[in-house]
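Please take these sequences and the hints and turn them into a complete structure.
Protein chains: 2
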Amino acid sequence: MAFSVTILGNSSAKPTPTAHPSAQVVNLNEQYYLLDAGEGVQQQLIRRGINPLRLRAVFISHLHGDHCFGLFPLISTLGLMGKRTPLDVYAPAPMGEILDYHLRYFDSELPYEVKWHEVRTTEHRIVMENNTLEVWSIPLRHRVPAAGYHFREKQPERNVDKFKIEKYGLKIAQIVAAKRGEDITLESGEVVPNDELTYIPYKARSYAYLSDTAYSAKAAERVAGVDLLYHETTYSAADEQWAGGRGHSTTTEAAKAATKAGAKRLIIGHFSSRYKDFEALRDECREIFPNTDVAAEGETFIIEEER
Amino acid sequence: MAFSVTILGNSSAKPTPTAHPSAQVVNLNEQYYLLDAGEGVQQQLIRRGINPLRLRAVFISHLHGDHCFGLFPLISTLGLMGKRTPLDVYAPAPMGEILDYHLRYFDSELPYEVKWHEVRTTEHRIVMENNTLEVWSIPLRHRVPAAGYHFREKQPERNVDKFKIEKYGLKIAQIVAAKRGEDITLESGEVVPNDELTYIPYKARSYAYLSDTAYSAKAAERVAGVDLLYHETTYSAADEQWAGGRGHSTTTEAAKAATKAGAKRLIIGHFSSRYKDFEALRDECREIFPNTDVAAEGETFIIEEER
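First to last, the protein sequences are chains V and A.
The numbering used here puts the last residue of the first sequence at 307; the count rises by one with no breaks.
The numbering used here puts the last residue of the second sequence at 307; the count rises by one with no breaks.
No wet-lab data here; the hints were simulated from the structure.
It cannot be assumed that every hint is accurate.
Copies of one chain are not kept apart here, so a pair can be met inside one copy or by any two copies together.
What the hints assert, rightly or not - With a Cα cut of at most 30 angstroms, we get these calculated BS3-like pairs of lysine-lysine:
{"#": "1", "residue 1": "260", "residue 2": "218"}
{"#": "2", "residue 1": "83", "residue 2": "14"}
{"#": "3", "residue 1": "154", "residue 2": "264"}
{"#": "4", "residue 1": "276", "residue 2": "83"}
{"#": "5", "residue 1": "264", "residue 2": "203"}
{"#": "6", "residue 1": "179", "residue 2": "164"}
Computed from a predicted model, the values in this text were never measured in an experiment.
Quick look at the structure:
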């Protein structure tokens with residue numbers, strides 16, 4: 001089952017001629033979720049071949065413009081495109097008020113509903129759930145209320161070993177019961193334990209998006225064991241004096257967070273416009289956390305299935 | 001004195017992978033004026049080497065998102081850039097309320113003032129004036145209240161012919177008086193008429209921006225004699241049935257407006273996303289108004305000085 005993250009934008013607030021502000025798309029089993037929506041996100045989606053109508057929901061980390069100014073044009077365009085199903089927007093307050101005024105002044109006749117779901121940035125809890133996915137809010141340390149998002153794939157259904165189906169002559173009803181995790185009683189009265197009949201096709205995977213934030217050990221602990229971690233890295237280690245006070249992190253702190261979380265892989269972004277050499281920032285992280293890469297605009301990071 | 005128009009964006013509402021929505025910069029004597037502000041305008045400015053801090057004022061034609069969603073991120077960025085002088089925004093109501101909301105939620109601590117000036121879209125009048133320029137509002141015919149803008153350079157000061165200064169031995173005070181247009185009385189009592197002493201260095205120039213609008217003979221008359229006319233051309237002549245009812249124009253109507261205005265040159269844009277071949281649209285205009293060009297993104301159109 002597909003599980004990937006595509007980087008649409010990655011720069012911090014000050015615009016550059018080429019880079020776009022924060023926005024990513026998570027694809028889980030061809031269901032698309034937008035993470036932050038910096039200016040230009042609708043065009044970035046189209047450039048990456050992602051039809052905006054495919055978005056299931058939008059998650060906004062905080063109400064700084066470089067993380068949400070692209071949401072409003074996207075809402076209008078989805079109307080032009082004839083969207084009919086609701087758009088779920090998960091964001092801190094007062095996004096509800098902001099959406100109300102946007103709709104009043106610009107989209108009073110939208111053909112679909114925009115549903116705001118308040119994300120309480122002090123709470124670590126499930127904010128969205130469906131058959132395949134839980135999305136948890138992760139309290140962050142920024143200048144304004146901010147939440148990270150932890151995408152946790154649900155444990156896939158157990159598969160029944162086809163050799164065992166033959167061996168024990170299982171019937172459909174028994175196969176279905178085994179998939180549910182039940183032990184199976186054969187006609188002989190013999191009981192076959194479920195774990196002999198079934199196996200987990202692959203381990204449930206996870207992705208965490210932590211931006212914008214100063215270093216937070218607590219946030220790292222809350223995404224323990226994450227497969228792929230995006231951690232903001234606004235500053236180099238040398239510019240540490242700027243980071244914490246502004247609610248941002250350095251390369252060293254991002255790597256520290258990945259280590260503390262026991263993440264399998266780290267990707268970094270939200271670089272200050274003062275930096276041109278992102279590889280140098282990546283290398284600072286690699287000294288502490290070797291499996292680090294730049295979350296480069298346009299790149300797709302795939303989270304592979306593992307037995 | 002420089003007088004030019006640079007096209008930052010030119011597409012209609014539906015986004016494409018490459019084109020940007022409506023935005024232009026008028027440069028008159030190195031003073032920059034933004035005409036409409038579609039999404040991404042701040043990045044488009046930087047791409048064209050125009051420092052957003054140089055903008056003297058912003059003129060918004062109407063409150064559809066593809067003409068103003070870029071204004072709000074621009075306002076935020078100007079704050080980050082440390083702007084101190086006011087930003088004048090000329091736009092129809094209720095832009096004032098919209099700006100209030102924006103400032104309350106996103107820019108409550110802006111280091112400069114955003115000054116909204118209401119443009120009454122039913123009135124043909126001067127909305128802005130300074131030493132070199134008058135900007136007139138031109139009522140348009142769109143689905144919402146919309147105004148075009150007519151940039152009229154003021155008649156440059158008369159120059160005094162240096163040969164006549166020698167011939168009549170004019171003193172500084174007399175030269176200054178002659179520049180003001182006065183006749184000069186020599187010591188002999190002889191009066192030299194001003195037009196023998198002075199000449200107009202070049203004719204005052206003008207630019208008109210008419211978007212979005214259905215064909216309007218009245219608007220064309222109001223920009224009579226314009227040097228450069230931008231007229232929206234959302235549809236081809238063949239798709240005429242879509243144009244008027246939606247408050248838009250065809251190629252034929254844009255060319256008709258340029259002819260009626262006696263414009264020297266026509267540039268067209270705001271093409272529907274259904275068209276890929278802009279040259280074909282241009283050629284439709286050229287059948288009626290030969291001096292037509294596509295207002296291509298990134299192009300700068302210079303209005304030359306003429307004696």
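Comparing the hints with the structure gives:
Within a single copy, residue 260 and residue 218 get their C-alpha atoms as close as 9 angstroms, which meets the 30 angstroms cut-off; across copies the closest is 70 angstroms, which misses it. In this assembly of identical chains, the alpha carbons of residue 83 and residue 14 lie at most 30 angstroms apart only when taken from different copies (14 angstroms versus 32 angstroms within one copy). For a Cα distance limit of 30 angstroms, the shortest separation of residue 154 from residue 264 inside one copy, 18 angstroms, qualifies, whereas the shortest one across copies, 67 angstroms, does not. Proximity of residue 276 and residue 83 under a CA criterion of 30 angstroms is satisfied inter-copy only: 24 angstroms between copies versus 39 angstroms inside one chain copy.
Only within a single protomer do residue 264 and residue 203 lie at most 30 angstroms apart by alpha-carbon distance; the minimum there is 14 angstroms, versus 70 angstroms between protomers. In this assembly of identical chains, residue 179 and residue 164 lie within 30 angstroms of each other by CA distance solely inside one copy; the values are 13 angstroms within and 104 angstroms between copies.
When held up to the earlier numbered hints, the structure conflicts with none and fits them all.
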